[in-house]
Each structure stands twice: as C-alpha cells, then as structure tokens.
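Protein chains: 4
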Amino acid sequence: MTTPSAPALRLLIQCPDRPGIVAAVSKFLFEHGANIVQADQYSTAFEGDGGAGRFFLRVEFETGHLDLDSAALASRFGSEVATPFAMEWRLSGDHRPRVALMASRTDHCLLELLWRWRRHELAIDIPLVISNHETLRADVEAFGIPFHVLPVMAGTKAKQEAAVRALLKDAAVDLIVLARYMQILSGEFIAEYPARIINIHHSFLPAFAGADPYGRAFERGVKIIGATAHYATQDLDEGPIIEQDVVRVSHRDDRDHLVRLGREVERSVLARAVQWHIEDRVFVHGNKTVVFR
Amino acid sequence: MTTPSAPALRLLIQCPDRPGIVAAVSKFLFEHGANIVQADQYSTAFEGDGGAGRFFLRVEFETGHLDLDSAALASRFGSEVATPFAMEWRLSGDHRPRVALMASRTDHCLLELLWRWRRHELAIDIPLVISNHETLRADVEAFGIPFHVLPVMAGTKAKQEAAVRALLKDAAVDLIVLARYMQILSGEFIAEYPARIINIHHSFLPAFAGADPYGRAFERGVKIIGATAHYATQDLDEGPIIEQDVVRVSHRDDRDHLVRLGREVERSVLARAVQWHIEDRVFVHGNKTVVFR
Amino acid sequence: MTTPSAPALRLLIQCPDRPGIVAAVSKFLFEHGANIVQADQYSTAFEGDGGAGRFFLRVEFETGHLDLDSAALASRFGSEVATPFAMEWRLSGDHRPRVALMASRTDHCLLELLWRWRRHELAIDIPLVISNHETLRADVEAFGIPFHVLPVMAGTKAKQEAAVRALLKDAAVDLIVLARYMQILSGEFIAEYPARIINIHHSFLPAFAGADPYGRAFERGVKIIGATAHYATQDLDEGPIIEQDVVRVSHRDDRDHLVRLGREVERSVLARAVQWHIEDRVFVHGNKTVVFR
Amino acid sequence: MTTPSAPALRLLIQCPDRPGIVAAVSKFLFEHGANIVQADQYSTAFEGDGGAGRFFLRVEFETGHLDLDSAALASRFGSEVATPFAMEWRLSGDHRPRVALMASRTDHCLLELLWRWRRHELAIDIPLVISNHETLRADVEAFGIPFHVLPVMAGTKAKQEAAVRALLKDAAVDLIVLARYMQILSGEFIAEYPARIINIHHSFLPAFAGADPYGRAFERGVKIIGATAHYATQDLDEGPIIEQDVVRVSHRDDRDHLVRLGREVERSVLARAVQWHIEDRVFVHGNKTVVFR
Chain A
1 MTTPSAPALR
11 LLIQCPDRPG
21 IVAAVSKFLF
31 EHGANIVQAD
41 QYSTAFEGDG
51 GAGRFFLRVE
61 FETGHLDLDS
71 AALASRFGSE
81 VATPFAMEWR
91 LSGDHRPRVA
101 LMASRTDHCL
111 LELLWRWRRH
121 ELAIDIPLVI
131 SNHETLRADV
141 EAFGIPFHVL
151 PVMAGTKAKQ
161 EAAVRALLKD
171 AAVDLIVLAR
181 YMQILSGEFI
191 AEYPARIINI
201 HHSFLPAFAG
211 ADPYGRAFER
221 GVKIIGATAH
231 YATQDLDEGP
241 IIEQDVVRVS
251 HRDDRDHLVR
261 LGREVERSVL
271 ARAVQWHIED
281 RVFVHGNKTV
291 VFR
Chain B
1 MTTPSAPALR
11 LLIQCPDRPG
21 IVAAVSKFLF
31 EHGANIVQAD
41 QYSTAFEGDG
51 GAGRFFLRVE
61 FETGHLDLDS
71 AALASRFGSE
81 VATPFAMEWR
91 LSGDHRPRVA
101 LMASRTDHCL
111 LELLWRWRRH
121 ELAIDIPLVI
131 SNHETLRADV
141 EAFGIPFHVL
151 PVMAGTKAKQ
161 EAAVRALLKD
171 AAVDLIVLAR
181 YMQILSGEFI
191 AEYPARIINI
201 HHSFLPAFAG
211 ADPYGRAFER
221 GVKIIGATAH
231 YATQDLDEGP
241 IIEQDVVRVS
251 HRDDRDHLVR
261 LGREVERSVL
271 ARAVQWHIED
281 RVFVHGNKTV
291 VFR
Chain C
1 MTTPSAPALR
11 LLIQCPDRPG
21 IVAAVSKFLF
31 EHGANIVQAD
41 QYSTAFEGDG
51 GAGRFFLRVE
61 FETGHLDLDS
71 AALASRFGSE
81 VATPFAMEWR
91 LSGDHRPRVA
101 LMASRTDHCL
111 LELLWRWRRH
121 ELAIDIPLVI
131 SNHETLRADV
141 EAFGIPFHVL
151 PVMAGTKAKQ
161 EAAVRALLKD
171 AAVDLIVLAR
181 YMQILSGEFI
191 AEYPARIINI
201 HHSFLPAFAG
211 ADPYGRAFER
221 GVKIIGATAH
231 YATQDLDEGP
241 IIEQDVVRVS
251 HRDDRDHLVR
261 LGREVERSVL
271 ARAVQWHIED
281 RVFVHGNKTV
291 VFR
Chain D
1 MTTPSAPALR
11 LLIQCPDRPG
21 IVAAVSKFLF
31 EHGANIVQAD
41 QYSTAFEGDG
51 GAGRFFLRVE
61 FETGHLDLDS
71 AALASRFGSE
81 VATPFAMEWR
91 LSGDHRPRVA
101 LMASRTDHCL
111 LELLWRWRRH
121 ELAIDIPLVI
131 SNHETLRADV
141 EAFGIPFHVL
151 PVMAGTKAKQ
161 EAAVRALLKD
171 AAVDLIVLAR
181 YMQILSGEFI
191 AEYPARIINI
201 HHSFLPAFAG
211 ADPYGRAFER
221 GVKIIGATAH
231 YATQDLDEGP
241 IIEQDVVRVS
251 HRDDRDHLVR
261 LGREVERSVL
271 ARAVQWHIED
281 RVFVHGNKTV
291 VFR
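Protein chains in written order, with our numbering: chain A, 1 to 293; chain B, 1 to 293; chain C, 1 to 293; chain D, 1 to 293.
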C-alpha cells in the first residue's frame, strides 16, 4: 500500500450491485481531472447467494488537476452519480482523522499506537487519551498528549461514561480506539459512534469471547492463540471483525506466558486495524467487514 | 526430529513429580548399556498451580549395546524404577504401529496419509481402510490396501458400528485415524480405544465446534480459518488437542473457497498429529496434551 | 477469489500510466453489456520512482448480456481503446488452458497438481506429463493422463530436448510446469515460452539458488526454510518470482528432515502459482510480478 | 517456557557424545538436592554425520534443598563430572546479566528491548546505552538509563571504538546487543566478546546480506521479507543464526513500506534472540546454534 506523491482523496461507495457503476464513477472522475491511483471493488453477488448483491468501491485519486474543489466535486458527484445508483458514499482524505485512545492499566497496545503515530506511520491526530486509572500517565504525557483519568467507582459508572462522552464530543473525534480499555460501554455510547469504535479482544474470536481468554485457552489446551480487532457493537465481542492474527504456543506455556505472547499479537493486530480504518480500507456490511488491503 | 541410525526404543513415563526421577531412569538405562539419543521432560508443577505436579518423560535410546532383551529390560525397569516412583509407563518402538484409516467421501486427508505412508514418512502398517461409502475405493486400492465399505442406513447405525469394531479388532490396530469420517462414534467405541482415536476437525477449535464450521466461519466473517487434530472423546470436538494450524482468508473467500483453503490445513495438521502419535511424542494429561516435538 | 456464476471473460492490460484508462475501459465494457465482477489495478508510478509508471489492469466480467461475441468484442476493443492507450493486452477465459507437467523422480509436486486437477480445483486440461525417468509412470497413468518418458543420456541432451519440444508443440500447450524436473532447459526452449514456464525452486530465493539448497540451508543453520515458484528465464533461479512460502525448522532437523519439511512448502507454493497463472492473476513487469489475488 | 517459583540455576554443558553423560549429571544433581525442573539435550551424532557427535545439555534446577552453595557445587561438579567427560561447561543463573544496548538513529529495536525490560519480561540489568548519534537520547533517558553518545567522524572510527570498548569494560557487560547500530565493529572488538554480541540484520539471511536489504528485496521482487538475529563474527552477516522470522509482502509494497513492515519483524526477532540468550537457551556449535526453546 504505497502513498501517492500528490495530495489524494478517496471516494468510498456502497450500493446495490448493477452494471455501469464503475463506468459511471470513473467517467465522472476522469472528466473532472482526477487521476485514479488505486481502485478496489467487491460485490457480494459472487458469494453465490444468488441475490443481486451489494457493491463496494474504494477509489483513491490524485487531485493535482481537479477542475473543482473537493466540496464542489462532492456535490456534483452526489447529484450526478450517487443518487441515480442509490449509493451510500463519502469523500474522504481532506482532513486528518482525530483519534481518541482509551486504555486502562496495560500499556502494550497503547504504546504501540503512540509509537507508530510518533514515527508518522499513522497519519492521525491524537487529541487525548482517556483512562480509568492513573497508571499510564507518564507514558502518555511523554508523547505530549493530554491524559485524562476518569475513574469508575461503585455506582459512578453512568456518570463516568457521560464525562467520557463529553470529552470525546469536545475533542470532535472521528475514531475511538479501545486499546485494552477494560470497561463495557453502554449501548447508547456505542450507537453514537457506529463502526467508529475499534476494540481489541485478546482471543481468536469467536473462541474465548468474554473474560479471561488466556486462562480459558490454557485450560482448553489449544496449540495456537490469537487476537481480534473488531468494531464495538451492542453485543460484546460480536462486532464485525477487522483483523485477526495468531501465535503458536505449547504445553510449556502457562497462562502468564500466554498473556506475554498474546501481547505481541494484540498490539500488531490492533495497529493494522487502526491503520486500515483511517486509510478508509474497511467497509462494514451487516456484521462483516470488507477490507481492501 | 532426526532418526537415530541404530534400532531405538522409547521409554514413556508419567508420574507424580519429585526429585530423582531423571537420575533413577538415566542410571538404570546407562547401567544396562542403553545410549540415550533424545530425552524430553515436562512437569505441570511449573504451571504455577502450586501442586506437586505431574511429571512426563520421553526417553529415546539406542539398543546396540543392551545387556538384556527389551522384555527383560522392561520387567527389570518395572520392578526397580517404575514401581518405587508410582509411574505409568511403557516401553515402545519394538513393533511397527498398526493404523486403521476411516473416511467417508472426501479424499484429501486420506490421500495425504496414504501418500506419506508410501514414501516411508510414516513408519506404520495400514492393514485396512474403512468407509461408509464406495467413493474412495479406487484411490485406496491403488495403494494395495484393503478397502472395506460399511454403509450406514436408517436404523442400521448400531449394526454398522459393531461390524466396524469387529474389523478393527481382527486387524489388531493400535491407532484409528478418522480422516474426515463423517459419522459420530458411540461412547462405547471410543472407550475401547482411549487416546487411540485421532480425529481431524475442520475448524480452529473451540471455535465452530459441530457441523458446517466453514459455513459458520464465513457467516461470522473471521479473517483466519484453521483445523484441529484431537483425540476423540465422548464429548464431540472436546477431546485433547494434539495440533492446530491456520490459514488467512479474506472477504473475497466464500464458503466453497474456505472449504478449499481448509483442505490444505486439515491434511497437514492431521498428518503431523499422526506422525507425533506414532513416534510416541504425545502424552495425554486430563483433557490436554503434552507434545514433545 | 469467488467464481462468478455466469461464463466470464478477463481483460488483461498493461500500458503507460495516464489518466482515463479505467474510464475508457469500463465505459467500453459497459456499453457492450459486460458486467464487471472483479477489477484489480496497479501502477508502478506509486513506487515513488517519479516516472510516469506502468499501469496494470485485470478486469473480469460476465458475458450474459454482451452485444457482441468475444472475437468481435476483442477487435472493437483493440481499435477503440487499446491502440489509443498503447496497451499490451489480451482477452482471456474463452478456452480452457492446456498445461503440460514435467517431473523427474520425485512425486510430491506432480501429485499435488494432479490431485487438484482431479478435484476440479485447477480448471485446466493436462494433455501430457513428460519425464526423463520411468519412476512416476504408474502414478500418472492412474489419473488417465499420457506419460511420456524421454531419458537424458550422455550427449543426448539436445536431442532429448528437441523431442520434448516437439511433444509440447503437438500438444499445443499454454503453460509448462516444471514440477521438480531436474534438467536445465536451453535458452532457446525458454524463449519459446516466455512467462509460460513455471518452475519450483526448493529454497527461499535468492537464498540458496543453485544445487542442493537443503544441504546448504542445513550447513548455514537457518531457522526457516522455504520454496519459490518463478517463471523460468535464461538466468537459472533468477526469473520473476510468483509466490514463496516458508516453514520453521530447528537445530534438530538434519538435511533429510529439511527435505521432508520442504516438500509440503514446495507443493503448496507451486500449486498456488499455477492457480494464479491460469486465472490470469499474474503480470510480468521486468523481472518482477504483479499478482492480483 | 515457565519460570520455576524457587531460585533456579542452570548447568550448561557441551562435550563429546558418549553413553552415561545424562546419568552422571542427573545423579550428581540428585545427590546434592537439586530438583531438575527442565532439561534439554541434543547430539549432532544424529545428523547422520556418522561421527561420534557433540553433545549439548541444558539443565535447569531448583536450589531450595541444595546441600552446597553454588560455588562449592560448581567446584565439585568440575572435578567429579566435567573433567572425566571432557566437558565445556558453566553454571549460570546466580547473577543477573548485564546487557549493553547499542543503536544509531532508528528506535524500534531499542524501544522494544527497553520496554520489555521495564515490564520485567527481560531479567537483565541495562547499565548503559551507546549510540553514535544524539537522536535517541530522550527515549533512552525516559527509562532512567545512561545514554552515551560517541560520534564517528572521518578518521576517528578507531578512537571511537576504543572509547566504546572502554565504556563496555567499565560497565562489565555480559552481552552487547546491536539494536540497529550502523557501524561495523573491528575484528578485535568482536573477538573480545565471543558469542556475546547479538546483531539484528534486516533481511532473511543469507538473502540480502550487506547493505540496503529492503531496497534489494524490492528490486528482486520477493514475496516475503524477514529479519535475522545472529552472533556477530569477523565475517559480516555470516555469524551463527539465533532466530529468524518473516512477513508476507506484495507488489504494492515499495521500499519504504518494506522498511515499515520489516520493523515489526526485526524487533520481535531481536527480542526473542536476546531472551533466549540471557536464559542460556542458545549454544554455539561451529557456525550454527542449538536453541533449546
């Protein structure tokens, strides 16, 4: 996945599958001076479900010779192409995503994202990190990022979540990453950010959904463990899966060692999922994802 | 895992963990002229379970300079070493394992094993292959192995299983490999061959236990699929796991394609599990395995 | 990679990169009633080489509603689209590829391809298998495929190759797969089938090019071995790489065991390369490949 | 690999292979109250080289009930067991390894080690970090570790290396880790720390030894890249390999992207190699390693 040299925009489309979509989109872009540098498409019609199918398209194009600004291009595209094809669509790439990170006590997923951000591997702004513990303050502040602690006391969960949501609203975030944030979010919270909350679960879902996956993996005697990055939904650990990866283990690995081995997988899986999301490579379709890598 | 040049025997031991086991075993072997070429040990005491732990030992030794035949060596070992340490143990390697293969209609797992057997990768005898369908007769007979078809009709399941068990008894098999045999075995059958029936399940257990794992993996939208070789137990798909492996998939892979990709993983996972079993590398402990690779 | 339900054709294009290519191609296909079911594109311009770049496009489309037969469609495309854009191109999918397999004594790569062919995983015809030894006759003939033995004696190499080439010409093959054929082909032979001879090399190229890669891998003490499928070129083991894969090894694995472990990687790497080639997913660019998976 | 609860020592042995070694060692340990918690052995005799072979043994034992202190145990072992068997041996585990890290400008390998050290995954002391650039000072000092910059100017290389070696001598380090230190060490320097300098090379050796491996991997069009941790020797990139790992790439990945993907592999490969070294799991034999994992 190379980055084009000139500033690029991305057109992200899904609609009922039918002939002519690609022709219409590429004709429109060509006539307005856009140079397509990457295009990926997929249709569920070819899952043999017989149905007409749902069509997904991601087009990345250079804007050096556009005859319109992006706002004008978008409005023209909406009326001339999107509406006739009944598209759900958006134009992306003209602003840097604002991403909030949330974590509790463990540092590995959080640090992985902060490192990649500092190394310019993640083209995002991180306006704030939110935790329910003080533990990670020094780590976060070393990156020059505001660290907010909102502890959860008995009976204060609702109030705490309201405060969290207020902070996120003020920060106008586009994406929330739960980098091992060990609190369950309310359905209301999740509904406020559809397909915009990424969670890392420390098991190879659907195996070992729920609590203590490493302990249960050890009890079951599996020979491979994994991690899963998915969009948070009302149903805990049931959201659309973005990425998974695994690591081989043996009878010699006790629960603590599984935890240690799992850290490496968790952080790289989460980092890939975040990267693909902010590059608009992930489409949600029902409870599944289409990922254009 | 290299094969020693001289004929080798294997001593397979498990017992309560306590000091002196290795010293006693190696002293005994040395004094009788055995040359240890490989030794692996493991104790559950180091899973931090606090308890005394269970000790597992696999010793492979050359017999070129033994001062006793293997029968005499075994009886001396039993009285002098095994009894004092309350060992479950056996001496192995002096006869070639007899392995029965069972399959229904799909050929990939069966062919993989037959092919490895023919190229002497699997040091076993295969007295027979049993199926509930005619489909694979030509494939099997091309290897010069008797192929028995025992179909399952409505209401004949019990009778068919009795016939299967009679064939296996006559053939005096040490191991039964279910190479995609799509019939559930009775508890009685399984109890007759404890930790001596290896099954391949076409999912990454415990995910997608039961029927149509590929269809359900497709529905869930997982990004990785796998296969699991385990010992058959009364609880379907719950037996001790011997080996697992996985392969990456994407939104583009429909159910049929998952089936195709899965074949490669199924056959290699099953082949490794069988290889390790017949090399006495697999110990069962509760519902888990210790595998000395 | 799902197979569309209706008969499909593929348009395979490479040309100098410039705006409007996708628009022109998709407009043409749409206007003639083709329904695009899969499209992949890539441009070397985004390797940051500054240059204009080379553009690659693979379009798969359903033909149910075409207003022309494929020959007419091709000639119209040639004059109206391909020529103006200076495209190298071809229309594919209207005939089943004819593939010749060549092997010497080892069976694993050959059997893998024959199995997949018989299982309809490879949509090809196999008019013949050619070997320089009798060893594999029974295996091949069991699949009902003609097996030709053309031995290489001292001083007969040129004559033997001429005979091989005559057989291949008579069989009108589209692709030649060297499934562990241990004879070096002449430059003339290779030039006759540009990017149409696939070879499997039993190492992770460029490591251990040349003879006895497993022996040298063992000597070097690598911890991972691999296999490489590439198009044969004049420079031995230097041709464009189509696919590679690896397997982990340890100090316990002697040369023979590396050979055994390598077999599994060799056959799956070769099978994937052949599959992608016959599905027209592989483009050659200089000494590299673009693979649209 | 679990850590025993009680303080443990390790006996590390290599000697000519012959019968009785394990018996003698385990008898000695048992008689002095040592409880063996892990033992691994290997003999090159079983590489089919016919020769007598070299024997390697790693024994980890609990010391709770030792009848001697470790010094006395060692001297007794030396005279009673090691000398008769002509063993090269040492007793390890009674002091915490002192490890110096060296890096130039890139942070990923260095941060990985510092971070694992801080979360107590690496049971080492890090008395200092040495660099030839200021770049990483803040990162290192944030961990509370002294950071020494010794720049290399034209013609000052020898003087700089002398200063580096003086620092290392003062710090009495047991191991030096070159975590992307981009200066070639003199043969004299390397000879001072035999099998005690670990280097990470950013390719899958022996492929792409030398400079710019990612650029050359991109030019060759490989489909997989890797990293290699090895002991530094006089011959650049030719030292005994401790660990390697790989990651899949595609035609879409330009050189910069290979560098990015490679970072993840480099840091995990180096971290594993360091972990195994400080746990005394790595034996050097000729130009190869025996790694007891």
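Keep in mind that a hint or two might mislead.
Just so you know, same-sequence chains aren't split out, so a pair can sit in one copy or run between any two.
Here are the computed lysine to any residue pairs in the SDA-like style, where the Cα-Cα straight-line distance is at most 25 Å [unchecked claim]: (1) Lys288 x His133; (2) Lys159 x Asp245; (3) Lys169 x His32; (4) Lys27 x Gln38; (5) Lys27 x Asp94; (6) Lys27 x Phe189.
Just so you know, the hints here were simulated from the structure itself, not pulled from any lab data.
These are the hints, each one checked on the structure:
For the identical chains of this complex, Lys288 and His133 are neighbours neither inside a copy (33 Å) nor across copies (37 Å), given an alpha-carbon limit of 25 Å. Taking the closest pair of Cα atoms, Lys159 and Asp245 never come within 25 Å of each other, the shortest separation being 36 Å inside a single copy and 45 Å across copies. For the identical chains of this complex, Lys169 and His32 are neighbours neither inside a copy (36 Å) nor across copies (50 Å), given an alpha-carbon limit of 25 Å. Both within a single protomer and between protomers do Lys27 and Gln38 lie at most 25 Å apart by alpha-carbon distance, with minima of 15 Å and 18 Å respectively.
Taking the closest pair of Cα atoms, Lys27 and Asp94 come within 25 Å of each other only inside a single copy of the chain (22 Å); across copies the shortest separation is 28 Å, beyond that limit. Within a single copy, Lys27 and Phe189 get their C-alpha atoms no closer than 41 Å, and across copies no closer than 45 Å, so neither meets the 25 Å cut-off.
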